[in-house]
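Chemist: Full structure from sequences and hints, please.
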Amino acid sequence: MKWLQVLSLATTYISVVLSETIAQIQGNKFQSPLNGQSVTVTGVVTAKAPGRGFFLDDGSSSDPEISSGLHIYITANITVSVNQTVTLNGTVLEYRPSSKPNDLYATRITNPTIITAGAPPRQLTDLDVGPDGYLSIPNGGNRVTANTTLQPSLNGLDLWESLEGQLVTIPQPIAAGLNSLDSNNSNTGFWVYGQGWNVTSKNSRGGLTITIGPDGKPDANPQAILIRRPLDITTSGVGLPSVALGTTLNDITGIVYYSDGHFSVLPLTAPVVTSVASGFARPTNITSNSSSTMISFGNYNVNNLAPNESTRLSAIADHIVNYLKTPDIVFLQEIQDNSGPIDDGTVSGNITLANLVNAITRVGNVTYASIEIAPNNNQDGGLPGGNIRQAYLLSPFRPAGTVSGTANDSVQLNTTGILNYNPGRIDPMNTDWSKSRKPLVAQWQTIPDNKTLFTINVHMANKGRSSTNWGEARPPINGNVAQRQAQIKLVATFVQSILKVDPNANILVGGDFNEYSQAREVFKSLVDAPLTEAVPLSEVEHYSHVFYQNCGALDHVFASKALVDCRTGVTFEHVHVNTWATNATTRELRISDHDPSVGLINLC
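FYI, the numbering used here numbers position 354 of the sequence shown as 425, with every residue one higher than the one before it.
Just so you know, these hints were derived from the structure itself, not from any lab.
Small disclaimer: the values here were computed from a predicted structure and weren't measured.
Be aware that a few hints might be false.
To be verified - Okay, derived cross-link-like pairs now, PhoX-like style, lysine-lysine, Cα gap no bigger than 25 angstroms in a straight line:
id	residue 1	residue 2
1	K632	K522
2	K171	K100
3	K632	K560
4	K560	K534
5	K560	K288
6	K560	K506
7	K571	K560
8	K522	K396
Modeler: Okay, here's the thing in structure tokens:
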């Protein structure tokens with residue numbers, strides 16, 4: 072009798088709602104055509120997500136633009152079981168948090184009322200996202216325009232939207248990035264792509280590098296997908312494994328899900344590592360000889376290095392000595408002041424630099440001198456109180472004449488080719504440098520030949536307030552890009568002022584630009600100066616940083632024509648001591664989020 076009452080109520084309710092397939096609810100656009108409407112839907116439970124509800128699939132879609140999976144959102148205890156057929160009423164909702172206006176909307180059913188739940192009429196199978204099946208596509212399409220209809224064969228974002236809510240299997244996945252860690256160093260996810268997928272920018276470690284695609288536009292590898300914590304973690308107690316770049320895993324089966332600005336797969340059970348990329352980073356073979364006109368240089372963002380971090384100081388010293396082979400000049404970024412992160416008004420970083428120099432001497436019996444200009448307190452961005460700045464380490468050189476500038480002094484070149492301040496900062500009071508590091512310029516003379524080299528050490532405005540590549544903003548928001556472009560123009564103008572006095576000047580501009588070289592308009596003024604970027608022999612090996620699924624280069628070196636044309640030109644490579652780290656289970660075990668770089672120039 073009780074069942075008859077429920078059935079009667081359900082029959083009455085069905086008369087005022089739509090009975091729809093999941094494909095009709097999902098539609099072939101980014102938002103459901105039935106958003107806000109009450110519906111009745113039937114499907115097989117493919118997965119349960121405690122605290123978030125469960126997922127249905129009715130197999131109703133044969134259209135590659137439309138998903139047949141759907142998220143049923145409910146926070147109460149779930150009374151259904153996987154593989155049950157469920158009929159329910161609910162309201163279609165396109166949801167995104169008000170705090171994340173750049174996210175896409177995620178389609179879900181809210182306030183569900185289950186009418187019936189029984190054995191499945193058939194067994195649904197997961198969709199193999201592999202090279203020979205329905206989704207041989209994941210391809211290099213990475214630019215999503217404001218299209219009215221999903222185009223999964225062209226755009227990566229559309230591809231994953233067309234699979235929202237579906238159960239899929241990723242065959243023999245390969246890690247394209249490192250573990251994402253929360254504030255407690257808890258593993259929250261990592262990025263993968265499937266074995267056999269059509270990836271076009273795979274590097275030697277197994278990562279995916281941002282490159283220029285066949286159409287002449289940047290390819291940001293939208294094939295890769297985020298793997299989040301397994302759905303059974305509360306019952307199994309088994310979370311995600313630690314991975315590194317190039318780690319391979321067993322097949323991952325799970326639900327395609329959207330949250331926090333990303334499409335992801337929620338695995339049914341914890342993935343299992345099958346192999347880890349072997350070998351640590353290789354030391355460079357790029358070294359200078361006894362000639363004073365052959366100069367090796369290094370570049371390293373040392374990630375908020377404080378004076379009392381003995382473990383990191385020793386590790387960075389090891390990298391400089393044993394992997395970069397003690398370059399003649401080292402460009403450093405993110406050197407903190409003598410009190411580290413304590414916001415006490417200290418600005419000098421001479422103790423931090425001295426501790427690093429001493430650590431290098433202990434490792435390699437090499438003695439560097441160091442040069443910095445202390446910034447004004449809390450005016451150059453970064454961690455409050457840390458006062459990060461650029462600095463140089465130098466071995467066989469001497470600064471050319473004049474006195475060191477202060478934080479507010481503007482460096483200029485006089486008509487005789489000598490800097491008024493050495494080192495000095497470029498136009499430090501210009502508002503384009505607001506809350507950002509000012510470039511550190513130095514003029515060097517070789518010993519004993521007195522050849523002159525100008526260096527400009529940069530650390531441009533960060534990418535704060537960027538959106539993800541999987542958000543609603545098209546193109547994605549590239550945080551502070553206008554400020555970085557303006558900063559690079561200021562550097563280019565200074566370079567041109569040197570070349571106006573001496574067209575054959577030896578100029579090296581290096582550091583953390585906080586921008587990928589594929590953002591060509593941002594770098595245009597430097598290229599027009601004219602300077603040439605030093606790059607590795609292979610485009611896919613041009614990376615010093617891993618962010619989400621992408622390997623990319625934020626750290627760059629540009630050289631003047633005199634250096635490019637002298638003898639063998641400019642030799643350059645990144646040394647992957649950090650991006651290749653296989654023990655990246657906590658932030659502390661990776662010395663920096665940037666790889667160092669090393670190169671070689673000749674002075675003619």
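Chemist: If a hint holds in the structure, say so; if it does not, say that too.
Modeler: Consistency of the hints with the structure:
Distance check on the hinted pair: K632 and K522 sit about 16 angstroms apart at the alpha-carbon level, within 25 angstroms; holds. Restraint check for K171 and K100: satisfied, since their Cα atoms lie roughly 20 angstroms apart, inside the 25 angstroms limit. Between K632 and K560 the alpha-carbon distance is near 18 angstroms, which keeps this suggested pair within the 25 angstroms criterion. In summary, the hint linking K560 to K534 is supported, as the alpha carbons are separated by about 18 angstroms, within the 25 angstroms threshold.
Proposed proximity of K560 and K288 is supported: the alpha carbons are some 23 angstroms apart, at most 25 angstroms. Of the pairs offered as hints, the one joining K560 and K506 holds, with about 17 angstroms between alpha carbons and a cut-off of 25 angstroms not exceeded. With a C-alpha separation of about 16 angstroms, the suggested pairing of K571 with K560 holds against the 25 angstroms cut-off. Restraint check: the Cα-Cα separation between K522 and K396 comes to about 23 angstroms, which is no more than 25 angstroms; the hinted pair holds.
The structure fails none of the hints (numbered hints given earlier).
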